[in-house]
Amino acid sequence: MDIRNLTISSTNPCLLVYLIDQSGSMDGKFGNASHAKAIEVANAINETIYEVGLRCIEGSEQVKNRFEIAVIGYGKDEDHVQSAWEGQLKNKWVVSINNIFDFPLSQDNGKPIWIRPYHVSNTPMTKAFLNARKLCDDWISWGNHRDCHPPIVINITDGEATDGGRNFSDLIGEVNRLKALRTNYGNVNVFNIHISDKGGDRILFPSSIFSNDSNQNLLFDLSSNLDENMVRIANQKNYNINLGAKGYVFNGNAYDLINFLNIGTPQ
Amino acid sequence: MFKQPFSFEGRIRRTEYCLSFLIYSFTSQIVLVLVAGSPVFLLLLVPMIWFLWAQGAKRCHDVGNNGWFQLIPFYVFWLMFGDGQRGVNEYGSNPKEVGSNYNSNGNYGNNTRQSDPNGYNGGYDGGHNVGGQNSGSNKIDFSKTQSDEGSEYKKGDLYK
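One line per chain: the protein sequences are A and B, in this order.
Those letters in the first sequence? Residues 1 to 267, by the working numbering.
Those letters in the second sequence? Residues 1 to 160, by the working numbering.
Only chain A is shown next, with the shape it has when bound in the complex (with noise of 0.2 Å):
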């Protein structure tokens, strides 16, 4: 089936899996801003989901549940990992849009929040991505599901996987598993967002990258390429890019963070 020809509605709902690092090293400054890493990536992720649901309502201001949204966070409590919804979601995993409008955290200058920052401990990456494996794998065989947009997995992280396994096989192998699960529209899409420590200049949706920093290379890899109609996106958004460029950004500022996490969630 035609992914081009496929309409995202509340009987065809599309899934967003958001892994949120909450290792310690998230406390470290975001570029040259004065807050912290965990603050602008719960900052971005808020405004993606406000943006999200603003786009599911219609008419008489319902929202129309186009979207369910699971949010997993990792490194919060040593090595575990959990559903990062707190309030009346918490421990809930995929959530639809409707309700997660019903439940905001607060408001924060008018708008509704759902998430909160975290930096404390380890980064159990390769567990993380092992649940959001479990969690899309019962997401596809639910329903229609498979008559749905392949989930999107849109993993933010500022280092290096603490659980990676001996030259990161373990993440590899995980990840790979996660991209193999598929819809009849296409396979699970994985796209990273990597703030580093280490600076350098922002690389945005590159189709290839030379770099010596391992990690750097390791995420650009385990990346999906941004289909057709995420390269439109992000071409309106004044990207310049064509097909063949992959779901990673690597250093990029507030505003790409936010651009990037609109892009990777279809229209």
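Calculated from the structure, these hints are not laboratory results.
Owing to the predicted nature of the structure, the values given are computational and were not obtained by experimental measurement.
Heads up, a few of these hints could be off.
To be verified - In silico EDC-like pairs for lysine to aspartate or glutamate, Cα to Cα no more than 16 Å straight-line:
1) B:Lys160 to A:Asp138
2) B:Lys155 to A:Asp137
3) B:Lys154 to A:Asp137
4) B:Lys160 to A:Glu86
5) A:Lys179 to A:Asp137
6) A:Lys179 to A:Asp138
7) A:Lys179 to A:Asp227
8) B:Lys154 to A:Asp138
Got chain A sorted already, so can you dock chain B onto it with the hints?
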């Protein structure tokens, strides 16, 4: 309730189906008494049956079946008393969940909005609610403050 009573799309709850059944039974009796034998009877009967079948089809969807299932003899009792499927199914969202809240047990439940212990009532209001307290995402203590950590994802946790 009764938002699109003549549509065959979507899902409805038991209550709406039972009420529809009562409405149909009551109305058909009245029509039968008043205009039986006249052409008007047929004119009135068609929308009434359409209404009953449309509501029946949506209730079938709610229990996870095709609308044609309502033609099975005695299946109407299952439609009246059977539980709907939780979460989203191929016919749409659970009508119990749409516009409702999670109850205090973490389950979907009713349309009574739960109060947040911190005073926030939930429900985005288009940014006009100046009474909502802004805890300030940038002002909280970033260290881990909650002792009741959740567990990892387990099969079946999808919409728990």
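Each hint tested on the structure:
{"no.": "1", "hint": "B:Lys160 to A:Asp138", "result": "12 Å, holds"}
{"no.": "2", "hint": "B:Lys155 to A:Asp137", "result": "9 Å, holds"}
{"no.": "3", "hint": "B:Lys154 to A:Asp137", "result": "11 Å, holds"}
{"no.": "4", "hint": "B:Lys160 to A:Glu86", "result": "15 Å, holds"}
{"no.": "5", "hint": "A:Lys179 to A:Asp137", "result": "11 Å, holds"}
{"no.": "6", "hint": "A:Lys179 to A:Asp138", "result": "14 Å, holds"}
{"no.": "7", "hint": "A:Lys179 to A:Asp227", "result": "14 Å, holds"}
{"no.": "8", "hint": "B:Lys154 to A:Asp138", "result": "10 Å, holds"}
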